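> Sequence:
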Amino acid sequence: MLVATLGEVLILAWFFVTGSVLGSFLNVVIYRVPRGLSLVHPPSRCPVCLHPIRWYDNIPIFGWFLLRGRCRDCGARIAKRYPVVEALAGLDVLLIALRNGNWRWVPVLDSLLQEGIIQPGVIETAVSVGVSLSLLAAAIILYDGARVPLSFWTVAIVLVLIGHMAVTRTINHGENPPYGPPLGRTAAVPPRLPAESRAEAPFQSTFGKTKDR
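In terms of the numbering used here, the sequence shown opens at residue 1 and continues consecutively.
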């Protein structure tokens, strides 16, 4: 049976919280960009009474439940989509980190321990998060019947190109980057693992170890 330590649980929670914070900003992007509004000014406010949202009411996911889905000042309903988007973004970042990283600590701290050399896993995670959240925002904007700005696709394409070039520069000669081999190079086929090893591989790649049964 696989059992995560307290430290590993805290790391997973850190990824989810980070993603939910990004999801809170994503809600701002989804609402303001199609309307041509600034992402910076004014601060988040109720669209009905225009009263600024207090910082403690703006906590991702929990803020909506604390307010019971209504504005504290005018009582206007707050759409359920806001905490849903924040939760989806948190889950998105968590799953990407589990897929890409061999994390023992927070990715930023882990990269600083590598003699100033950024690990490919950190770059891949950042690029994957940027692209996936851009696509999530674009999908919701389309669902609302609005036109997706060209900037969404531009950001996603630029991130992929930068990520591929950065990862290719940081790997050792002859190794394949996380996105696959450089253009024109054939990827090596990984050896097939026994069934039991394949089942534990995702946990080993994430936490670096598994508990004895």
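Hints are computed from structural coordinates only; laboratory data are not their basis.
Any given hint could be a false lead.
Label-pair distances were calculated between CB atoms; the ranges are [to be verified]:
hint : residue 1 : residue 2 : range
1    : A87       : D144      : 28 to 36 Å
2    : L91       : V160      : 35 to 43 Å
3    : D144      : N58       : 18 to 26 Å
4    : R45       : S151      : 17 to 25 Å
5    : R45       : V17       : 20 to 28 Å
Note that the structure is predicted; figures quoted are calculated from it, not measured.
Every residue gets a Cβ at the ideal spot worked out from N, C-alpha and C, and that includes glycine.
> Taking the numbered hints from earlier one at a time, note which ones the structure violates and give those numbers from smallest to largest.
Hints 1 and 2 not satisfied by this model.
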